[in-house]
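Novice: Letter by letter, the chains look like this.
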Amino acid sequence: DQQVKQNSPSLSVQEGRISILNCDYTNSMFDYFLWYKKYPAEGPTFLISISSIKDKNEDGRFTVFLNKSAKHLSLHIVPSQPGDSAVYFCAASAAHNYGQNFVFGPGTRLSVLP
Amino acid sequence: GAVVSQHPSWVICKSGTSVKIECRSLDFQATTMFWYRQFPKQSLMLMATSNEGSKATYEQGVEKDKFLINHASLTLSTLTVTSAHPEDSSFYICSASFDHTSYNEQFFGPGTRLTVL
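Protein sequence lines, in the order shown, are assigned to chains A and B. Everything in the first sequence is counted per this note's numbering, starting at 568 for the first residue and increasing by one. Everything in the second sequence is counted per this note's numbering, starting at 7 for the first residue and increasing by one.
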C-alpha cells in the first residue's frame, strides 16, 4: 500500500508558466513533508519542506502548500525554467521518527519546454 | 556545506562477486546514514538505516546477510552487496543526516549504478 502517492508520472509545462506538482498521503501520522529534485544518474537534492503546523512555505520560485484535511500537498514552481526539468519526489515523515525515516512517493517527471 | 559523496559512481561486476559501496559525509558528522535503492522509473526504496557504531536497521524484505552495512564512523558508511546477482542491478543511493532530535532533511549522495552481469 503506497502511503505517499504522486498520481501524475509526468508533467509538461511551457517555460515561464507555473508548474504544479501534486502529492497525496494516506498516513495521518505524517507531519513533515519534503520535496526533492532528481536529475538522471544523480542523487536527489532537497528543495523545500513543510511541517504540519503550517499550510504554506515559500522559498524563491518554489512554494509548497499543505492541506492536512485532504492529506494533500502541492509544489508550485513559478516561473518554470528549463533547468527545472527533473523528477520531483514528495517525501513524508512521522513525528516519532524525528523526520528521519522518510517515505517517498514514486516521483513526477517535469519537463519545462522552452 | 552538507556534501555527501559515494564511491564508486558506477560498477560492473560478475554474478557471484561482492561489491562494496562507500558513502561519506564530507563536511559534517552524520548521526544517521540511510541506504536507498531505486529501480528504473520507480521511487527510492529505503533499504536500511544505520547509526554510527551500532547495527543497521533493515526494512522489511531486505536481506541483511546480502546487503551488509557497516557504519564505522560518523562520516563513513559502507554497503556491501554480497554474492551479487543480476536482479541486484540497480541504482543505490545513500543519504546522511545529523541532529536526530529535530527535523532535518537528508543529504543525498550522487548514487552508485550497479550492473551485475
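Errors might be hidden in some of the hints.
Calculated lysine-lysine pairs in the DSS-like style (CA-CA distance at most 30 angstroms, straight line) [stated by the list, open to error]:
#: 1; chain 1: B; residue 1: LYS20; chain 2: A; residue 2: LYS572
#: 2; chain 1: B; residue 1: LYS72; chain 2: B; residue 2: LYS61
#: 3; chain 1: A; residue 1: LYS623; chain 2: A; residue 2: LYS572
#: 4; chain 1: B; residue 1: LYS26; chain 2: A; residue 2: LYS635
#: 5; chain 1: A; residue 1: LYS623; chain 2: A; residue 2: LYS604
#: 6; chain 1: A; residue 1: LYS621; chain 2: A; residue 2: LYS605
#: 7; chain 1: A; residue 1: LYS635; chain 2: A; residue 2: LYS623
#: 8; chain 1: A; residue 1: LYS638; chain 2: B; residue 2: LYS26
#: 9; chain 1: A; residue 1: LYS638; chain 2: A; residue 2: LYS605
#: 10; chain 1: A; residue 1: LYS605; chain 2: A; residue 2: LYS623
#: 11; chain 1: B; residue 1: LYS72; chain 2: A; residue 2: LYS605
#: 12; chain 1: A; residue 1: LYS638; chain 2: A; residue 2: LYS621
#: 13; chain 1: A; residue 1: LYS605; chain 2: B; residue 2: LYS20
#: 14; chain 1: A; residue 1: LYS605; chain 2: A; residue 2: LYS572
#: 15; chain 1: A; residue 1: LYS623; chain 2: A; residue 2: LYS638
#: 16; chain 1: B; residue 1: LYS70; chain 2: B; residue 2: LYS26
#: 17; chain 1: A; residue 1: LYS621; chain 2: A; residue 2: LYS604
#: 18; chain 1: A; residue 1: LYS623; chain 2: B; residue 2: LYS72
I should point out that these hints are in silico values taken from the structure, not numbers from a laboratory.
Novice: Give me the numbers of the hints this structure contradicts, sorted from smallest to largest.
Specialist: 1, 4, 8 and 18
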